[in-house]
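Since the structure of chain A is already known, use the hints to place chain B on it.
The chain contents come next:
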Amino acid sequence: MKSFIFEYDLGMDMNPLAGSLVFAEDGSITSSANGTELFRFFASEITEAVVHAGVGCGLLFAKAEGKEDRILCRFTMSGIKQAGEFAKIVNFFIANGTAAFPEEEEKRICETCGRPLMAEMNVCVFCYSKLGVMKRALSFAKPYIKQITYSQVLGLVPRITVMLSPLFIRVLVNNHLELQMGTWFDILLICGAMLLTRVIGDGFFIYTSRIFNRATIAITNDLRVEAYAKLQSHSMSLFAKRTPGDLIRRIMDDTSTINEFVTDLGRWVVDMFFNFAIAFIILFYFNWQLTLLVFIPVPIVIFLLRRFWGMMMARFERHWRWGSRCNSILHDIIKGIRTVKAFGNEEKEIKKFSSATHRHAKIGEENEVLWSILFPPIGFFMGLGEFLVLFIGGWMVLNGSWWLFDANMQIGDLVLFTMYLGFIYGPLRWMVHFPRWLANTTTSMVKVFEVLDDESELKPVAKPKNVPIAGTVDFDGVFFGYKSYEPVLKNISVDIKPGEMIGIVGKSGVGKSTLINLTMRLYDPNTGRIRINNTDLRHMDSDHLHENMGVVFQDSFLFAGSFYDNIVYGKPDATFEEVIAASKAANAHDFIVQTSDGYNTHIGEGGQTLSGGERQRLSIARAIIKNPEILILDEATSSLDVETEASIQESLNRITEGRTTIAIAHRLSTLRNADRLIVLSEGGVEEVGTHAELLKKKGMYYNLVMAQRQNSRKQEEEAQP
Amino acid sequence: MSTVDTNLDLGILDIKDVDFYTAEGGFMGVKCKGEDYKHVILRRIMPIEHPLAYISVADHENKEIGILRDVTALSEAQRALVEGELNNRYYSPTVMDVISVQDKLGYVYMEMKLQNKQGRIYDKSCAIKDVSRNIRTLGDKTVLIFDVDGNRYTAQIANLSKQSLKKLDAYLF
Chain A
0 MKSFIFEYDL
10 GMDMNPLAGS
20 LVFAEDGSIT
30 SSANGTELFR
40 FFASEITEAV
50 VHAGVGCGLL
60 FAKAEGKEDR
70 ILCRFTMSGI
80 KQAGEFAKIV
90 NFFIANGTAA
100 FPEEEEKRIC
110 ETCGRPLMAE
120 MNVCVFCYSK
130 LGVMKRALSF
140 AKPYIKQITY
150 SQVLGLVPRI
160 TVMLSPLFIR
170 VLVNNHLELQ
180 MGTWFDILLI
190 CGAMLLTRVI
200 GDGFFIYTSR
210 IFNRATIAIT
220 NDLRVEAYAK
230 LQSHSMSLFA
240 KRTPGDLIRR
250 IMDDTSTINE
260 FVTDLGRWVV
270 DMFFNFAIAF
280 IILFYFNWQL
290 TLLVFIPVPI
300 VIFLLRRFWG
310 MMMARFERHW
320 RWGSRCNSIL
330 HDIIKGIRTV
340 KAFGNEEKEI
350 KKFSSATHRH
360 AKIGEENEVL
370 WSILFPPIGF
380 FMGLGEFLVL
390 FIGGWMVLNG
400 SWWLFDANMQ
410 IGDLVLFTMY
420 LGFIYGPLRW
430 MVHFPRWLAN
440 TTTSMVKVFE
450 VLDDESELKP
460 VAKPKNVPIA
470 GTVDFDGVFF
480 GYKSYEPVLK
490 NISVDIKPGE
500 MIGIVGKSGV
510 GKSTLINLTM
520 RLYDPNTGRI
530 RINNTDLRHM
540 DSDHLHENMG
550 VVFQDSFLFA
560 GSFYDNIVYG
570 KPDATFEEVI
580 AASKAANAHD
590 FIVQTSDGYN
600 THIGEGGQTL
610 SGGERQRLSI
620 ARAIIKNPEI
630 LILDEATSSL
640 DVETEASIQE
650 SLNRITEGRT
660 TIAIAHRLST
670 LRNADRLIVL
680 SEGGVEEVGT
690 HAELLKKKGM
700 YYNLVMAQRQ
710 NSRKQEEEAQ
720 P
Chain B
0 MSTVDTNLDL
10 GILDIKDVDF
20 YTAEGGFMGV
30 KCKGEDYKHV
40 ILRRIMPIEH
50 PLAYISVADH
60 ENKEIGILRD
70 VTALSEAQRA
80 LVEGELNNRY
90 YSPTVMDVIS
100 VQDKLGYVYM
110 EMKLQNKQGR
120 IYDKSCAIKD
130 VSRNIRTLGD
140 KTVLIFDVDG
150 NRYTAQIANL
160 SKQSLKKLDA
170 YLF
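Going line by line, the protein sequences match chains A and B. Numbered by numbering that gives the first Met the number 0, the letters in the first sequence go through residues 0 to 720 in order. Numbered by numbering that gives the first Met the number 0, the letters in the second sequence go through residues 0 to 172 in order.
Extracted from the complex, chain A is given alone in its bound form (with noise of 0.2 Å):
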């Protein structure tokens, strides 16, 4: 027999207990923990399974007919998703006598330690291949192989050069400067060689630089405009689980660093390196035992690095959360600073910054203290290294062999050496900081790679049916929830014919605008479906849907751009006589020939230059220009006066005459006309009719109508002089 599990891991005591609530196709429920069943019954014998979080735990209960509310199970949050999962499924057997189980959902279990993965994570923090996501980052470079391998290889070219200096000075310095032979002519000779070289190289350098830039940026731009793409494929889910500035930091800041890491490689960590080994080979070949001698410190200075570095960046990070904070606190009181100066708490205000600044800077002076005791010790160490090169290296110039150290060494040698000692030290420093490059990379790189591997849950579909958009629109038993466990509609069934006009009525919060993101397909259901002419949503392509469709929020949002621009966003092939017709039909017209400018008046981010009405007049423009099959209006005209309101509705009923509407009023009496109203109570439908037959049944309707006309009677009262 099919079942679903659901394990629970708080005792009625609020004591940690592995626990097991399990829903059988034949309807039973029975707990158990630690081997012992604790109870069983059937879902028939109740009318519904409630999840009801608390703080930091919830609690699963029953609610039966004469009965009082039972809990069946307390969980810590760990389980809340699972609970939510356990009551839909009961919730749907209740209400249509089968069960209807989940599909097996793949279990978010890291496949190598077993760990569970993190939420919003598809990879195992433990576990996560560094290389693999190197590996994946560099194959965006792919289409750039070829500018890039060819600025590589000419790129050696100013390697070279540089490596080519000390050995020149070499030259220098022993054929002539120490033995004072040769001539003027010949000390030019090797620094016209010197010069010529550079000259050379950063020639080099600069044309392979442009090649090799060019191809990083369009790098980061293939992959930013690639998760830019992805994110606008999601659903709204996506928006709602992560913040605007989470996947902006994503999009822009992630994809830099992914740029950094690209191009440091492919420039400076390459140079350092290549220069590294030509250094060495080089110190080696003149004298071995000297070349030994440099990394004689390396050890204990990588180890005293590695060790305060680890202090260095907590504290550091500490550092740059309190500027942040600094930030979000600047932030917040300049947005609101009309509100400070209204209460006249700008001292409060200059109080809390100045505080916060004091810790900042407190953190940072710390800081500096610390650093400035710690290097010291470390450069001079590093240094160590220098000193027994020019000691034992000066000790040979001038008395030949010494110990170990037989060669025989002149001073070019020893200028030599101690110039490629930064070719070597070089690298080696920079590997210390290398374990905090590659976690920072990895990161960026993990966080996008993220947001391209999110699978949208609305799941595209292999052959849509494109069907018109013109006939009826049937929701069947939806169940819908923006938490799996606390659901907003609950079974949900009824019809919009073609053409009606259709009100949605219910309190705060009981799921009216919920209805109309389902209807849009922003969202799908949890289970049911909605379907247009007998095709679900979730057959057909979404961008058919929307072409289809017009959409009036109650705060619509304008972009920055022109009067006609904003217009043109809901059929960008528009001809401008359909511009001026849709402003006409949405009354928008008049105004906007007023402006200076006309249709080429530029309106400010958000339409913030503009009043409420005129907001609103536009997005009725933007909505019907493409002449929709289905009109949506939520609150369309809640937050306008009362005057501006009636001169709006005006124009929205000549708009929805004979066109399927499906709107949301806060004010009944904007929807008294509508061909019939649906009112929701608490997620479900609890009446439908038209507004006469619904104030005769003397039901929910009829007390929302009374209660705001007894609201506004009082206004009226209180207004008389």
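Simulated from the structure, these hints should not be mistaken for lab results. Virtual Cβ for every residue (Gly too), placed ideally from N, Cα, C. A few of these clues could be false.
Said to hold, decoys possible - What follows is a set of in silico ranges between Cβ atoms, one per label pair, in the way DEER data are often shown:
{"hint": "1", "chain 1": "A", "residue 1": "Arg712", "chain 2": "B", "residue 2": "Ser131", "range": "24 to 32 Å"}
{"hint": "2", "chain 1": "B", "residue 1": "Thr141", "chain 2": "A", "residue 2": "Glu47", "range": "15 to 23 Å"}
{"hint": "3", "chain 1": "B", "residue 1": "Gln155", "chain 2": "A", "residue 2": "Gly96", "range": "50 to 58 Å"}
{"hint": "4", "chain 1": "B", "residue 1": "Ala72", "chain 2": "A", "residue 2": "Gly611", "range": "15 to 23 Å"}
{"hint": "5", "chain 1": "B", "residue 1": "Thr141", "chain 2": "A", "residue 2": "Pro571", "range": "52 to 60 Å"}
{"hint": "6", "chain 1": "A", "residue 1": "Asp8", "chain 2": "B", "residue 2": "Ala72", "range": "33 to 41 Å"}
{"hint": "7", "chain 1": "A", "residue 1": "Lys134", "chain 2": "B", "residue 2": "Gly138", "range": "46 to 54 Å"}
To be verified - Heads up, simulated BS3-like pairs for lysine-lysine below, C-alpha to C-alpha not over 30 Å straight-line:
{"hint": "8", "chain 1": "B", "residue 1": "Lys140", "chain 2": "A", "residue 2": "Lys350"}
{"hint": "9", "chain 1": "A", "residue 1": "Lys496", "chain 2": "A", "residue 2": "Lys361"}
{"hint": "10", "chain 1": "B", "residue 1": "Lys62", "chain 2": "A", "residue 2": "Lys713"}
{"hint": "11", "chain 1": "A", "residue 1": "Lys361", "chain 2": "B", "residue 2": "Lys62"}
{"hint": "12", "chain 1": "B", "residue 1": "Lys62", "chain 2": "A", "residue 2": "Lys66"}
{"hint": "13", "chain 1": "B", "residue 1": "Lys62", "chain 2": "B", "residue 2": "Lys103"}
Stated by the list, open to error - Sample of chain B residues with no beta-carbon within 12 Å of chain A, all distances over it, derived:
{"hint": "14", "residue": "Ile11"}
{"hint": "15", "residue": "Ile14"}
{"hint": "16", "residue": "Glu23"}
{"hint": "17", "residue": "His49"}
{"hint": "18", "residue": "Ala72"}
Here is chain B on its own, set in the frame of chain A:
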């Protein structure tokens, strides 16, 4: 200068009028002014500052019945019931020890030794996202930690060992 209207009815419950009990189904019920509410929800109005004062008592439809000004003023048996119910609703085990803290891919992975209200001590691993929001210091005494699942943990700075504090230090601000 007058302050807010003090005559406004705050709905403070007279403890003589209330009788809490555990209902058959496991929920807390209350008999108050002749009414019998079989499923009530208790909420702390100021959970941090006043965990046992100003407790909102609401029925199962979240309609407030009244506010309990001071739990400690109740009889011993009534107080035990109310405190028990609050402990059932507010689950925030105390952090006894921070075993390890690892920063990985923008998440902080923490292993802790916890103690719940009933005194049970156990180990727990959790992941914390966006640490600047989910590790919060209240004054200089308390740290609230929220994990990715929505669980919460409370640490009293004074009770943490030096080693635990050192591990947490980078995230406290």
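Evaluated hints:
{"no.": "1", "hint": "A:Arg712 x B:Ser131: 24 to 32 Å", "in the structure": "violated (51 Å)"}
{"no.": "2", "hint": "B:Thr141 x A:Glu47: 15 to 23 Å", "in the structure": "violated (38 Å)"}
{"no.": "3", "hint": "B:Gln155 x A:Gly96: 50 to 58 Å", "in the structure": "holds (53 Å)"}
{"no.": "4", "hint": "B:Ala72 x A:Gly611: 15 to 23 Å", "in the structure": "violated (51 Å)"}
{"no.": "5", "hint": "B:Thr141 x A:Pro571: 52 to 60 Å", "in the structure": "holds (55 Å)"}
{"no.": "6", "hint": "A:Asp8 x B:Ala72: 33 to 41 Å", "in the structure": "holds (35 Å)"}
{"no.": "7", "hint": "A:Lys134 x B:Gly138: 46 to 54 Å", "in the structure": "holds (48 Å)"}
{"no.": "8", "hint": "B:Lys140 x A:Lys350", "in the structure": "holds (21 Å)"}
{"no.": "9", "hint": "A:Lys496 x A:Lys361", "in the structure": "violated (68 Å)"}
{"no.": "10", "hint": "B:Lys62 x A:Lys713", "in the structure": "holds (25 Å)"}
{"no.": "11", "hint": "A:Lys361 x B:Lys62", "in the structure": "violated (49 Å)"}
{"no.": "12", "hint": "B:Lys62 x A:Lys66", "in the structure": "holds (20 Å)"}
{"no.": "13", "hint": "B:Lys62 x B:Lys103", "in the structure": "violated (44 Å)"}
{"no.": "14", "hint": "Ile11", "in the structure": "holds (23 Å)"}
{"no.": "15", "hint": "Ile14", "in the structure": "holds (24 Å)"}
{"no.": "16", "hint": "Glu23", "in the structure": "violated (5 Å)"}
{"no.": "17", "hint": "His49", "in the structure": "holds (15 Å)"}
{"no.": "18", "hint": "Ala72", "in the structure": "holds (24 Å)"}
Hints 1, 2, 4, 9, 11, 13, 16 from the list above are not met by this structure, while the remaining hints are.
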